[in-house]
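Letter by letter, the chains look like this.
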Amino acid sequence: MASGVKPRVKVPKKAAVGEAITIKTLISHKMESGQRKDKSGNIIPRSIINRFTCDFNGENVIDVTLEPAISTNPYLEFQATVPSEGEFKFTWYDDDGSVYDAAKKIAIG
Amino acid sequence: MNFKALTAIASALTLSASFVAAGGADDDTLVVNDEISIVTKAAAPAHMADAVDEVISGWHFRTDETQSLQADDFDNPGMLFVEQGLDVWNTADGSEGKSCADCHGDPEESMVGVRTVYPKWNEAAGEVRTLQMQMNDCRENRMGAEAWKYDKADAINVEAMIASVSRGLPMNVAIDGPAAATWEQGKELYYTRTGQLELSCANCHEQNFGNYIRADHLSQGQINGFPTYRLKNAKLNGVHSRFKGCVRDTRAETYKPGSAEFVALELYVASRGNGLSVEGPSVRN
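Respectively, the protein sequence lines represent chains A and B. Under this note's numbering, the first residue of the first sequence carries the number 1, and numbering increases by one thereafter. Under this note's numbering, the first residue of the second sequence carries the number 110, and numbering increases by one thereafter.
The following block holds chain A by itself, in its conformation from the complex (with noise of 0.2 Å):
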């Protein structure tokens, strides 16, 4: 597992039905391409988040798939309408198999 690495995420904390909120993640990681050479010239590995998911109530908002280009500790933000109080789930897949996630509920009012 790489070192460090920490999700966040800011959701409101309640919005109206059918409200469009906007919701800002953020993992932190080093994103390793796998183009760079270490010292003595031998490539580092790529080691990078290669998919983030977020999910309200068991249905799919956002599927993202991510790729090496994309620098160190990536931010997304998205923006989805809420059409009852529920949770979010966010979901951050590495490239060394580990599952980082974060949940946040959000209320109606």
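No farther apart than 25 Å at their CA atoms in a straight line, the calculated lysine-lysine pairs in the BS3-like style are these: (1) A:Lys13 x A:Lys105; (2) B:Lys341 x B:Lys258; (3) B:Lys344 x A:Lys24; (4) A:Lys14 x A:Lys89; (5) A:Lys6 x B:Lys261; (6) A:Lys30 x B:Lys341; (7) A:Lys104 x A:Lys14; (8) B:Lys341 x A:Lys39.
DEER-style ranges, computed between Cβ atoms: (9) A:Val17 x B:Ala210: 42 to 48 Å; (10) B:Asn231 x A:Ala16: 54 to 60 Å; (11) B:Asp173 x A:Ala69: 23 to 29 Å; (12) A:Lys24 x B:Asn231: 39 to 45 Å; (13) A:Asp38 x B:His213: 36 to 42 Å; (14) B:Ala234 x A:Ser33: 43 to 49 Å; (15) A:Asp38 x B:Ala343: 15 to 21 Å; (16) B:Gly354 x A:Val17: 50 to 56 Å; (17) B:Lys365 x A:Ala16: 54 to 60 Å; (18) A:Lys104 x B:Val161: 44 to 50 Å.
No lab work stands behind these hints, which were simulated from the structure alone. Glycine included, every Cβ here is placed at the ideal spot set by N, Cα and C.
Following the hints, put chain B in place on chain A, whose structure we already have.
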């Protein structure tokens, strides 16, 4: 369209482009997390009254996109390193098995205002010390731990964390009393031309702030925003490392981060920003 019309358009374009490029400091205001108002322009401290009228944070010389990153801790990539600094703060190290927190407790209480007064005269040691020197003194003499390398990972992360709890408070380093000699040395360095290009700090940051040096928008070289997260290298940068970069760019042999010369220069440059709010970790390009 005839030739004259084209020329007219071309000159109109050049004119508007030069207005944009002339730049200078903008008039935006900075509020962090909708709660901390940052003073980014202030009346110049008395000691530099004949140099400039107003001291301006480097924040004003950056684009709106870069500026906005600093307005919210979630968007500010420097805050990632602040969190790492907080982890280090709470982790025991060295032969005494103590962490920073064991003596100093919660930095949000104990460290408020600390960043504003450093570099600071230390009576016991008989020298002016930067925050990092003071941290290393704690590590070596109280924790029995190894000193951190100057401006490197842990040192800069903890420095950023200590700066972050003072955001919004005005810089206020003392330049009189026992610190005066060091301050004078720093002033001397600030106005001394170095390198093949024969440039002093003042040539760019006092006489030409707001102008462009090739593609770079010159600021006043204020250090109230340090440690600074730079987009170009995606990490926190320390004051001394920045000094080193500047001196190197004059094509001179540089002093080392942590050297007596840079400590003196840091004290002097910090005093040029007395009155500006602490911003660290700031975001610059």
